[in-house]
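Chemist: As they're listed, the protein sequences go chains A and B.
Count the first sequence with the working numbering and you get residues 1 to 175, in order.
Count the second sequence with the working numbering and you get residues 1001 to 1249, in order.
Possibly wrong hints are sitting among the right ones.
[Said to hold, decoys possible] Ranges of calculated distance between the beta carbons of each label pair, as one might list FRET restraints:
| hint | chain 1 | residue 1 | chain 2 | residue 2 | range |
| --- | --- | --- | --- | --- | --- |
| 1 | B | ASP1089 | A | GLY145 | 40 to 46 Å |
| 2 | A | LYS72 | B | GLN1051 | 44 to 50 Å |
| 3 | A | GLN35 | B | ALA1047 | 43 to 49 Å |
[Claimed, not checked] Below, simulated SDA-like cross-link-like pairs (lysine to any residue); rule was C-alpha separation at most 20 Å, straight line:
| hint | chain 1 | residue 1 | chain 2 | residue 2 |
| --- | --- | --- | --- | --- |
| 4 | A | LYS87 | B | TYR1205 |
| 5 | A | LYS87 | B | ASP1116 |
| 6 | A | LYS85 | B | ASP1049 |
| 7 | A | LYS87 | B | GLU1206 |
| 8 | A | LYS155 | A | GLN165 |
| 9 | A | LYS42 | B | SER1169 |
| 10 | A | LYS42 | A | HIS60 |
| 11 | A | LYS72 | B | LEU1168 |
| 12 | A | LYS85 | B | THR1094 |
| 13 | A | LYS51 | B | GLN1126 |
| 14 | A | LYS129 | A | VAL150 |
| 15 | A | LYS51 | B | ASP1122 |
| 16 | A | LYS37 | B | LEU1137 |
| 17 | A | LYS42 | B | ASP1049 |
| 18 | A | LYS87 | B | ALA1047 |
| 19 | A | LYS72 | B | SER1169 |
| 20 | A | LYS85 | B | THR1177 |
| 21 | A | LYS87 | B | GLU1045 |
| 22 | A | LYS87 | B | LEU1127 |
| 23 | A | LYS85 | B | SER1096 |
| 24 | A | LYS42 | B | MET1136 |
| 25 | A | LYS85 | B | ALA1039 |
| 26 | A | LYS51 | B | LEU1127 |
| 27 | A | LYS52 | B | ASP1116 |
The set of hints was computed from the structure by calculation and includes no laboratory data.
C-beta: ideal position from N, C-alpha, C; glycine also.
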Amino acid sequence: MKRWFTLGLLLLSTTSLLAKGVHQTPEAFIQESFQGKPPAAKVIWLNRPLKKNMANILGHSYRGLRVRYWGKGNRTAWVLNEVGKEKPITIGVIVRAGQLEQVTILTFRESRGGEVRYPSFTDQFINAKLTNKHDLDKSIDGISGATLSVQAVKKTAKLALFLHQQTPFSDDNTQ
Amino acid sequence: MTTHSKKQSKRRYSLHQWHRYLGLFAGLFTLWVTLSGIALNHSAELAFDQQYAPSNWSLTGDSIKTPSIIAYRSADRWVSQLNDRIYIDTQEITVSNNPLIGAANLQQMQVVATVDSLWLFDNSGQLIEQIDWSLMLPANPTRLGIIQEKRLAMQVANDWYSADESMLSWQPIPRQTVHIVQSAQLPQIITQQLLDAYNGKSTTYEQLLLNLHTGRILGEYGVYLIDLIALILATLALSGFTVWLKRRQ
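Please model the complete structure; the sequences and the hints are all you need to start from.
Modeler: In structure tokens, the structure reads:
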């Protein structure tokens, strides 16, 4: 019994340590998102109304005056940072025609909550859209012990959907 | 009473005495570790991780004795890094654990480069954008340069690259065209102001509690003292159990 308990503790601590770190570089994410031929980066300059909406989505003001993205056809790719508990999580998001196509945790720096990087969590975002109230149109199951990281990923997914709407690659603009 | 039972009684008395004195010694420290542990458990709710201990507290343990400052002259301003804090003159603009490799003022924009990121600020110190180098260049840059006081350049391994005006794309360029940005000695008056500001914001109450809890507040040997207390507590558990067992017999 004691042996199993010790083994369980060891496994738990190993999982937590493995969760921390760079899982994919932003460059590799962008390359992969566009099959090795990424378009040139573009930026959205943030005016006051945009920043206000972003602050509503994030629950705090966005630090920065412009956001870099990559777009082709009706797809855009974003590399965004959002703080979980104390440290920023770098998240890659691909939006296609106003729907989430992929959410990937690129770098996880916190010591807890790294479970958000697993596809079992991130795959829940696929095909989610943004409602008029800036919420996701489908519910995302949380992970116990990783509440703040889950919140950070959800906020980033919403932000990417919102920012996609502001680009010339969004459905509304391409039609 | 037989000689054997006398010996047994003496041994039990001795164990009891040891248990008592160890308990008294460890009691004070147990209180210390318990209270600091409880406070640490609730440090987020009590915002201990966001409040700083006064700089004149000598118990904070973390004040800078040998500061590590990297500085670059950027137009008429100074961009510097003091440990993990980055400043424009004396204004703290961001925090980075990666070393500063250069700074330049280009087109009303203050460019700050660390090993992992390029930071663009407007002249009031407001962040325009932070960009991960891996999104722009083939590898980690080592030096910053300027071309004709207009465009930014960066050295990666032995090659130099220059950015377009919006810093969205980078092209290889010959080394000869680049004026390399060199680090410089930060003026003493700014250094002193940065040190004062840093020391006033160097230790959060959470860090202070952590130092208390682990014994680091007493210096490098404090940790061993707490280790000793932990061992005494483990011994107390064993001796307490033995005393209880012998009493039952």
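Chemist: Are the hints correct? Go through all of them and say.
Modeler: Quick rundown of the hints versus the structure:
| no. | hint | result |
| --- | --- | --- |
| 1 | ASP1089(B) <-> GLY145(A): 40 to 46 Å | 43 Å, holds |
| 2 | LYS72(A) <-> GLN1051(B): 44 to 50 Å | 47 Å, holds |
| 3 | GLN35(A) <-> ALA1047(B): 43 to 49 Å | 47 Å, holds |
| 4 | LYS87(A) <-> TYR1205(B) | 18 Å, holds |
| 5 | LYS87(A) <-> ASP1116(B) | 16 Å, holds |
| 6 | LYS85(A) <-> ASP1049(B) | 11 Å, holds |
| 7 | LYS87(A) <-> GLU1206(B) | 16 Å, holds |
| 8 | LYS155(A) <-> GLN165(A) | 16 Å, holds |
| 9 | LYS42(A) <-> SER1169(B) | 10 Å, holds |
| 10 | LYS42(A) <-> HIS60(A) | 24 Å, violated |
| 11 | LYS72(A) <-> LEU1168(B) | 16 Å, holds |
| 12 | LYS85(A) <-> THR1094(B) | 18 Å, holds |
| 13 | LYS51(A) <-> GLN1126(B) | 14 Å, holds |
| 14 | LYS129(A) <-> VAL150(A) | 17 Å, holds |
| 15 | LYS51(A) <-> ASP1122(B) | 17 Å, holds |
| 16 | LYS37(A) <-> LEU1137(B) | 15 Å, holds |
| 17 | LYS42(A) <-> ASP1049(B) | 37 Å, violated |
| 18 | LYS87(A) <-> ALA1047(B) | 16 Å, holds |
| 19 | LYS72(A) <-> SER1169(B) | 17 Å, holds |
| 20 | LYS85(A) <-> THR1177(B) | 45 Å, violated |
| 21 | LYS87(A) <-> GLU1045(B) | 17 Å, holds |
| 22 | LYS87(A) <-> LEU1127(B) | 18 Å, holds |
| 23 | LYS85(A) <-> SER1096(B) | 17 Å, holds |
| 24 | LYS42(A) <-> MET1136(B) | 12 Å, holds |
| 25 | LYS85(A) <-> ALA1039(B) | 18 Å, holds |
| 26 | LYS51(A) <-> LEU1127(B) | 13 Å, holds |
| 27 | LYS52(A) <-> ASP1116(B) | 29 Å, violated |
Checked against the numbered hints listed earlier, the structure breaks hints 10, 17, 20, 27; every other hint is satisfied.
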